[in-house]
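Participant: Based on the sequences and whatever the hints tell you, model everything.
Residues per chain, in single letters:
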Amino acid sequence: MPSPAVAGTGAATTAGAATPAPGTRPGARRWAAWAAYVVVIPVLLYLTPHVYNNQLLLLNLVVYLVLAQGVNVIYGFTGYLPFGYVGFFGAGAYGTSMAVIHLHTGGTVAVLIGAVVSTAMAVVLLPLLRLTGAYFALASLAASQAVYLVIANPSLTSFTKGPYGVDLSRVFNPNLAYLYAAILLAVATAVVVYLRNSAFGLSLRAVRADPLTASVAGINVARARGIAWLASAVLAGLAGGISAWVTSVFYPETVFAINISVFAIVFALFGGVGSVLGPVFGGIILYSLYEYIGVSSPQYFQFAYGLLIVILMLFLPGGLASVARAARSLWERTGGRVHRRA
Amino acid sequence: MPEAAPAPGAAAPPPAGATPVLEVREVTKEFGAFTALDGVSLSLQPGQALGLVGPNGSGKTTLINVMSGVHAATRGRVLLRGEEITGLAPHRVCRRGMNRTFQIPRPLGPLTAEENVAVARRHGRPSRHLDVDPLGFVGLEKFASRPASGLTTGQQKRLDLARAIATGPEVLLVDELGAGLSPAELEHVGELLRGLSAMGVALVVVEHLLGFLEAVVASVVVLDAGRPLFVGSLRDAVADPRVIEVFLGK
Ligand SMILES: Nc1ncnc2c1ncn2[C@@H]1O[C@H](COP(=O)(O)OP(=O)(O)OP(=O)(O)O)[C@@H](O)[C@H]1O
Ligand SMILES: [Mg+2]
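These protein sequences, in sequence, are chains A and B. Residues in the first sequence are numbered from 1 upward in steps of one, following the working numbering. Residues in the second sequence are numbered from 1 upward in steps of one, following the working numbering.
Mixed in with the good hints there might be a few duds.
What the hints assert, rightly or not - Partial list, computed: chain B residues near chain A (C-beta under 7 Å):
(1) THR86
(2) PRO90
(3) ARG95
(4) LEU108
(5) GLY109
(6) PRO110
(7) ARG122
(8) ARG163
(9) PRO183
Honestly, the hints are just simulated from the structure, not real lab data. All residues carry an ideal CB built from backbone N, CA and C; glycine is no exception.
Facilitator: Okay, here's the thing in structure tokens:
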């Protein structure tokens, strides 16, 4: 007889293979490696402007890497694909802007207020987690566009500046913003390291594997998912705030562009959700491609990256990280022997 | 302490004054127009093992789903140690001390057997842990670091049991653990359930294999089309003409 059917995340199975079982008791060397991942890449990126003098482009890259890690947190560990992820980014950007314009704060405080706003939005949207698969993806997209339409509404011009955009040049400080962006990337990566190695991360993987079994095993499924959802929203809100601070003059459509979701998702998927560094490398590769080939015809890239999401979900749900893992285990099984014989 | 009247559904006469660890009172479960459970009551003493039998579709799994919080009852109540747990979510029922296995096993597939158990231990009932290593108890210690999805169905059923044990239950609901097992595996599972009983865990055992049931429980509740048909000792049940008719299809 049928065992009870239960709502599971449709997307969950798609990239279920993405997360290999993390070692239960990692050795000191693995901890050292994780610490290095968390620190080294952000530090290198922070120093890059001394070599490659385009801080604005680099800041955009770092912001996208944070967003890709945010997608990693929510999609890689819960299976919810957030097409409306840009909503948190935009809410963070506008929260930051409103703080600068109406509360006359400095940039740092404004960015933190932006994160509070995006977190509040995530709390309001918690019921979306009751939806599954494509329904969740679409509903989150609709929610982000609803927030956009409210902010861009001309009748709110006195508060949000409506469709006419905001000007934050009073607090412009790109060097400090770039430092924050690099720190935020370290934080985002640390969050993923935590999820890969903690008991809480294991609970999330259990929920993703089978929400009903996880619930019967004592896990508060809604709470576990909610925490991941809020964490990803905080990351996006901070990224949005920092981005707004540096962009200085922008419009609602700039920070609520669906493209931002698409890029964050494709970077995460391409690199490999569930892995610590996949989304970072995926983002660096695809963002560079976009900047060097795509600038002349961005519309093709937007299309190509949308298509790439579909292809990756169908054929390579583990992304580059899964290819790297397969290559490494192949090397360990055969390569070592070949090497000794040679 | 007031003299507790024996609960109407009590399978064995309870010791005077004992509070049942589990009580199901007049539970009805409707799926749309279909009534899967119709006024089912039962009562379980601490450490007691009760069989739950009935033909296919008679509502055994549905009753386990209602008791464990997977389905909400349409009417009726469920009490654990005298406390109302009707309508609680599965994780709350788990933390109060009642757990279950699944008729079709539901492993946490990508997690290893060990991780399956670790999750349940961490989230289960904080105050009470059975004094056993769950994986070792069910004989899966050799498979500790295997992904659960790679285990056989029989092993996955035992993993369900190991997870349930890891939550520290006082009441364990076991849904057809014996189905599809070899005679040797069946013997093993019977021993496991007797062992749990000996540890003081109260059991509700759903099983079609009466021979297996005989070795584990003394009393049974027989369901027929969602209604309680017989409550009493297993020996009397197999001699009862109504029960025979339901099982042999007249
Ligand atoms: N989620 C559900 N939705 C609708 N009907 C259901 C649902 N779950 C069970 N049923 C129906 O309720 C009736 C009882 O099912 P249940 O699984 O409880 O029977 P069972 O006694 O466990 O049978 P079996 O011995 O075959 O396992 C069946 O007719 C079944 O089709
Ligand atoms: Mg059943």
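Participant: Each hint should be assessed against the structure and marked as holding or not.
Facilitator: Hint check:
1. THR86: violated (17 Å)
2. PRO90: holds (4 Å)
3. ARG95: Result: holds, 6 Å to nearest chain A Cβ.
4. LEU108: holds (4 Å)
5. GLY109: Since the shortest Cβ distance to chain A is 5 Å, the answer is holds.
6. PRO110: With a minimum Cβ separation of about 5 Å from chain A (threshold 7 Å), the hint on PRO110 (chain B) holds.
7. ARG122: holds (6 Å)
8. ARG163: Cβ of ARG163 (chain B) sits 5 Å from chain A, so the hint holds.
9. PRO183: Hint violated; PRO183 (chain B) Cβ to chain A Cβ min 24 Å, cut 7 Å.
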